Amino acid sequence: MDNSLQNGMNGEEQHPPREQLLLYVDRELGPKGAARIETHLGTCWSCRTQVSKIEKSIADFMEFNGAMFTPRLSPPPNIWRGFDGALRQVVAESGRRSLLSIVFNSFGRFFSRARHLVMPRH
Amino acid sequence: MTLFRLKRKVILSSEAELYYDNDLLQFRQGTLKLEQKVTGYFEQWRDPVYRYVVAAFGNSAQAEDVTQEAFLQLYRCLHAGQSIGNARAWVFRVAHNLAVNQIKSQQFITPLDDETWAEVRRVYQDSSPTPEQKLIQQEKFDRLRIAVTSLTEPERQCLHLRTKGFRYREIAKILDMSTTTVAETLYRVIEKLAKENYG
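These protein sequences, in sequence, are chains A and B.
Reminder that position 116 of the first sequence reads as 116 in my numbering, one-by-one numbering, no gaps.
Reminder that position 40 of the second sequence reads as 1040 in my numbering, one-by-one numbering, no gaps.
Treat the hints with care, as some may be off.
Ranges of calculated distance between the beta carbons of each label pair, as one might list FRET restraints [stated by the list, open to error]:
#  : chain 1 : residue 1 : chain 2 : residue 2 : range
1  : A       : 81        : B       : 1167      : 29 to 35 angstroms
2  : B       : 1167      : A       : 75        : 26 to 32 angstroms
3  : A       : 18        : B       : 1142      : 36 to 42 angstroms
4  : A       : 31        : B       : 1044      : 44 to 50 angstroms
5  : A       : 35        : B       : 1135      : 41 to 47 angstroms
6  : A       : 14        : B       : 1133      : 35 to 41 angstroms
7  : B       : 1077      : A       : 63        : 33 to 39 angstroms
8  : A       : 38        : B       : 1116      : 29 to 35 angstroms
9  : A       : 78        : B       : 1033      : 23 to 29 angstroms
10 : A       : 55        : B       : 1142      : 19 to 25 angstroms
11 : A       : 49        : B       : 1039      : 47 to 53 angstroms
12 : A       : 14        : B       : 1119      : 46 to 52 angstroms
13 : B       : 1124      : A       : 31        : 41 to 47 angstroms
14 : B       : 1039      : A       : 17        : 42 to 48 angstroms
Quick caveat, the hints were computed from the structure, so don't treat them as lab data.
This one's a predicted model, so the numbers in the text were calculated from it and none came from an experiment.
Idealized CB from N, CA, C, for every residue including glycine.
One chain only, chain B, in its complex shape:
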């Protein structure tokens, strides 16, 4: 009887270890896989997200932190088992919301202030064949810079998200507005850009 109990005890404890080891293995493999997945997303999307935050909210040193935090939140949510259909739009949305909370209170600083713009114009390698065409091109860029600087915050946000290839419904989700508002906003942007170009 004692031998039977001892034998049973050995079987039971080794089974518990087996369960624990299997779960731990699966957990470690899953965590590693998820970590690699998020790192892959980060390497793929960090620059567009960062550029969006800088372009839409100003040239803030916080843009890098905001971008990184959006990807860390992606890890946390995926790890918690949340289902995320469109991870790219999700990251942009989180980065946008973080930027709204952290950066919005500060004044928007245009990435192209007068000094920077003068330097950009100086070093820009224009492929125009003649000096006249080069001058025309530079004047066009000057007008576009004025147009871009005149955009309101929602207009800047919609424009830069659209340049990242998002559909109107995705932009609407990211910015928490209706699709109709996105359409109207983008139309105003195009009007402003066209006005500077065509008068």
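Just chain A, same shape as in the assembly:
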């Protein structure tokens, strides 16, 4: 996503693809690509207008989203009441399996240690 600007036949700098301008606005270009666009925007009113339109569209949508859309999304039907119980159940299910392995591990370590105690060392 770091396409460079190309020079035209007459040496005049061409406009970057419009998609690149969104990448520039979203800080998705690498340092070199961003610097090229920055330099181009310094001289090109047309591309600066495009960047302004992109930023205005984003700002308008965020205003719409914040004011009209998000607050009106219906709340969860059960208002998250089921989560604590469901998590406890998952913890218990996960725990049972692990507890078994812990018991086996504990006895494994115990017998390993016991072998050293019982068996006379040479």
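Given the coordinates of chain A, work out where chain B should sit on it, guided by the hints.
Just chain B, lined up with the frame of chain A:
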């Protein structure tokens, strides 16, 4: 000799208990810590995840179940010892995949149908100082609503993930598409929004 054996037996059994108790303690502390961690994530991210699922897949009653299940899966994976670098993006990805499987078969229901929209417009407290500016603002929102309603499913998904602050590469991972596709999709979204605003 018998005394020696008895003594050794006592030492051995108490050592086994000690091992068991230590492991159990560590296990209980670890489980509790993990449970608290996942509960913390859940309280922090459940609303953005829920809003994403509703906005991207429609106003489904299943969105709450999908959201909760994503966090339960997070617990299971962390408990199983899986390493998760970006837990927030991971939860969104799992919720997205669950929604794809559970909700996609149903028709998308826009959260802003005509009836809801009329009510929203009625109660919206506009801070515009003059009636003319208020009218302009309402017309702008009407146009934006048309634009948002016209978005395709991938466009809606990319847009709403971007509003949650995800980078393109994160969106690409969540939606299982290339970063270039995310960039192209978001550009189409901006074009649609701009078209409604600027003609």
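Evaluated hints:
1. With their beta carbons about 34 angstroms apart, residue 81/A and residue 1167/B fall inside the hinted range of 29 to 35 angstroms.
2. Residue 1167/B and residue 75/A have their C-beta atoms about 29 angstroms apart, which keeps the hinted 26 to 32 angstroms range intact.
3. Take residue 18/A and residue 1142/B: their Cβ atoms lie about 26 angstroms apart, and the range 36 to 42 angstroms is violated.
4. Look at residue 31/A against residue 1044/B: about 32 angstroms separates their beta carbons, and that is not inside 44 to 50 angstroms.
5. Between residue 35/A and residue 1135/B the CB atoms are about 43 angstroms apart, so this pair conforms to the stated range of 41 to 47 angstroms.
6. Distance hint check: the CB atoms of residue 14/A and residue 1133/B are about 40 angstroms apart, consistent with the given range 35 to 41 angstroms.
7. Here the CB-CB span from residue 1077/B to residue 63/A is close to 37 angstroms, well matched to the stated 33 to 39 angstroms.
8. Separation of residue 38/A from residue 1116/B is about 43 angstroms and departs from the stated range, judged on CB atoms against 29 to 35 angstroms.
9. Checked against the hint of 23 to 29 angstroms, the pair residue 78/A and residue 1033/B passes, with Cβ atoms roughly 27 angstroms apart.
10. Residue 55/A and residue 1142/B have their C-beta atoms about 22 angstroms apart, which keeps the hinted 19 to 25 angstroms range intact.
11. Range check, residue 49/A to residue 1039/B: Cβ separation about 49 angstroms, and the 47 to 53 angstroms hint holds.
12. Remark: the range hint 46 to 52 angstroms for residue 14/A to residue 1119/B is upheld by a beta-carbon distance near 49 angstroms.
13. The beta-carbon spacing between residue 1124/B and residue 31/A, approximately 43 angstroms, falls within the hinted interval of 41 to 47 angstroms.
14. Distance hint check for residue 1039/B and residue 17/A: the Cβ-Cβ separation is about 46 angstroms, which falls inside the suggested range of 42 to 48 angstroms.
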